[in-house]
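Visitor: Protein chains in written order, with this note's numbering: chain C, 2 to 326; chain B, 47 to 373.
What the hints contain is simulated information worked out from the structure, not anything from laboratory work. Quick caveat, the model's predicted, so the values are computed rather than measured. A hint or two may mislead.
Stated by the list, open to error - Reference excerpt, derived from the structure (chain B facing chain C, CB under 8 angstroms, subset only):
#, residue
1, 94
2, 96
3, 202
4, 204
5, 292
6, 303
7, 306
As the list claims (entries may be wrong) - If you want the footprint, here are the derived chain C segments under chain B, 3+ residues with CB under 8 angstroms:
#, region
8, 45 to 54
9, 192 to 204
10, 216 to 230
11, 240 to 246
12, 260 to 266
Even for Gly, the Cβ is constructed at its ideal location relative to N, Cα and C.
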Amino acid sequence: MPSHTSRRAVLKGATTAGVVGVAGCLNLGSGGDSDAENQTALSVPTLEFTFFARMQNAFEAVTDERDDLGGSFYDAGNSQEQQVSDLETPISQGVDFIMVAPITAEGISPVVQQANDADIPIVTIDRNISEGDIATYVASDNVALGRRSMELCRGFMTDLADKDQYNVVELQGTQGASTTNDRAEGGSNAVDSADDLNLLDSQGADFSTEEAVSVMEDFITSHGDDIDGVYAHNDLMALGAHQAVQSADVGDIAITGIDGSEAWVQEIQDVDHYGTLAQLPEEMVRKSVDYGLQAADGEDLDDYYQIEGLEVTSENAGQYLDDYF
Amino acid sequence: MATESTSTPNSISDYISVQTLGRYGPVLGLVGLYLFFALNTANFFTYPNQLNLLRQVSIIGILAIGSTFVILCAEIDLSIAEMMEFTGLLIASLATGGLLSSAVPIPVAILAAFAAAIVLGGLSGFVTSRFGVPSFMTTLAMLFLADGFGQIVSSNRPIIGLPDALLWLGSGSTFGFPNIVIAFFVLLALSQFVLSYTRFGLYLYAVGGDADAAELMGINVKMVRMGVLVLSATFTVIAGIVMMGRIGSATPNMGSNLLLPPIAAVILGGTDLFGGKGNMIGTLIGVLILGSLSNGLNLMGVDPAGQLVAQGVVLMVAVLANVLGDD
């Protein structure tokens with residue numbers, strides 16, 4: 002049957018081409034010096050977020066710089082199951098330590114157990130786990146970041162106008178995410194401790210610029226000129242708030258975010274009442290490598306190392322961009 | 047069948063049956079939502095807020111138009127959100143010089159995105175129609191492909207500093223009316239025209255209603271199936287362009303919440319998920335139901351958790367009405 006054959010041939014050819022293409026894109030087999038003295042692995046939830054992409058770059062930079070360290074990088078593509086499979090490989094290879102930013106607090110418990118059994122120290126970065134033994138946990142404190150971002154926003158509002166009461170609106174992240182809860186808690190702590198700060202409204206915009214534009218438009222419809230400032234749980238939403246404020250013609254509104262993303266910091270450069278609290282994924286990776294090596298040597302570590310967020314305003318925005326991008 | 051119970055209504059219960067209520071469910075639901083929000087908020091029914099609402103639904107709307115063609119044909123396109131992301135990022139990185147050594151003119155960048163969309167949509171369509179792989183699977187594969195391509199062309203970074211000409215369609219306005227809304231309505235009208243008055247539109251309903259019968263009638267079913275997926279991919283480029291104007295940048299996750307709302311809007315608007323029945327007016331109504339719900343709840347100051355609950359309830363009722371209206 003000739004038609005059958007040709008169809009199969011087409012499928013076969015297409016599959017081969019696809020596999021070769023995908024392998025090419027994924028750059029399989031990459032990841033540092035495979036015969037170095039110390040071996041490690043870094044697994045992140047998803048490269049969709051620039052934050053984790055910066056971790057990947059930092060990881061590659063560290064393994065390139067250091068002759069005594071090699072390792073592999075894993076992107077779980079936001080699939081918990083994938084992350085578990087990803088971690089099984091370095092464990093079976095017997096690496097010296099593992100760094101992981103878990104997708105959920107519970108999801109990687111089985112592999113953590115495997116690593117514990119194999120005596121491989123685990124360093125959690127950015128997000129922690131709920132069960133199992135880890136060497137240490139390296140992260141920013143999201144409650145502190147939220148509080149500082151809200152305080153930064155208050156500072157800008159007092160610079161812009163002299164009032165008895167300043168009204169701020171809050172753009173929350175994805176509902177239920179621990180980052181959202183922590184940053185909301187930090188924000189409300191700051192509101193509670195300041196007499197002149199009033200939280201006017203609060204809505205979720207899913208950490209997305211597009212959602213934030215819509216929600217901010219609705220804030221402006223409801224509250225109009227009453228809004229003095231916006232506290233966004235991340236920079237992408239701050240960017241959206243800026244977009245809505247610009248087209249609505251409501252005067253100067255202070256906007257602060259969290260993360261320190263390149264796009265938002267470039268906006269900050271030109272506007273004195275915009276700012277952010279930068280998280281430093283590069284710093285997190287470098288510190289985690291240091292702690293991981295110490296743990297592999299059998300040294301005792303603290304349970305938690307905090308990476309301080311960096312306050313970025315128009316004054317140091319240029320320097321920040323030069324340093325990190 | 048000699049007697050059809052619905053042929054001559056002769057009592058009031060024939061007019062107000064569950065089916066009639068169901069058939070007009072989407073319109074009734076929309077009117078109900080409008081009444082509710084108009085009574086419960088100060089600003090919902092004002093002209094500026096209605097403009098806001100239309101601006102807010104236009105991107106979902108443009109994607110939903112493309113999905114309407116696909117769903118009418120009893121297919122589904124799961125790749126729209128990621129395709130929009132990819133084509134948008136492609137245009138942005140070409141136009142800002144991030145991808146090639148120098149920035150290319152905007153029309154060239156846009157043409158490149160259309161070409162990429164037609165090739166990728168054509169690939170989904172070809173595999174679907176030629177090999178009989180369900181479009182659910184081919185477009186799922188395309189979702190991953192487009193996501194990956196988007197990350198590659200953007201190096202996974204938001205792209206800012208886009209040229210003004212590129213932002214015009216999404217952020218500018220003509221005679222005080224937002225361009226993004228005009229684009230949505232023009233596309234909606236053109237698409238309804240295609241459905242009502244062209245041979246392609248006729249064939250689409252025939253293939254969606256009964257592909258085997260359509261084939262026997264001499265309709266090139268493969269071409270129609272491929273056509274709708276190419277068409278849907280083409281709409282994602284326009285959605286990508288207006289998206290960039292709306293958010294002033296192109297971000298690698300700008301499509302993250304847009305996979306399901308356009309499909310939900312199409313179904314809410316009364317288009318049969320199994321093909322053959324529906325139109326663009328229904329899609330407009332579905333899009334407005336989704337949009338007024340979120341806009342109205344924001345204005346009422348309902349907290350984020352309450353919004354999710356309210357959205358779930360309204361969607362459930364709307365879908366129920368939709369199915370009941372299906373006879």
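Visitor: All the hints need checking, so say for each whether the structure fits it.
Guide: Verification of the hints:
| no. | hint | in the structure |
| --- | --- | --- |
| 1 | 94 | holds, 7 angstroms |
| 2 | 96 | violated, 10 angstroms |
| 3 | 202 | holds, 4 angstroms |
| 4 | 204 | holds, 4 angstroms |
| 5 | 292 | holds, 6 angstroms |
| 6 | 303 | holds, 6 angstroms |
| 7 | 306 | violated, 13 angstroms |
| 8 | 45 to 54 | holds (count 5) |
| 9 | 192 to 204 | holds (count 3) |
| 10 | 216 to 230 | holds (count 6) |
| 11 | 240 to 246 | holds (count 4) |
| 12 | 260 to 266 | holds (count 3) |
The structure is inconsistent with the numbered hints 2, 7, although it conforms to all the rest.
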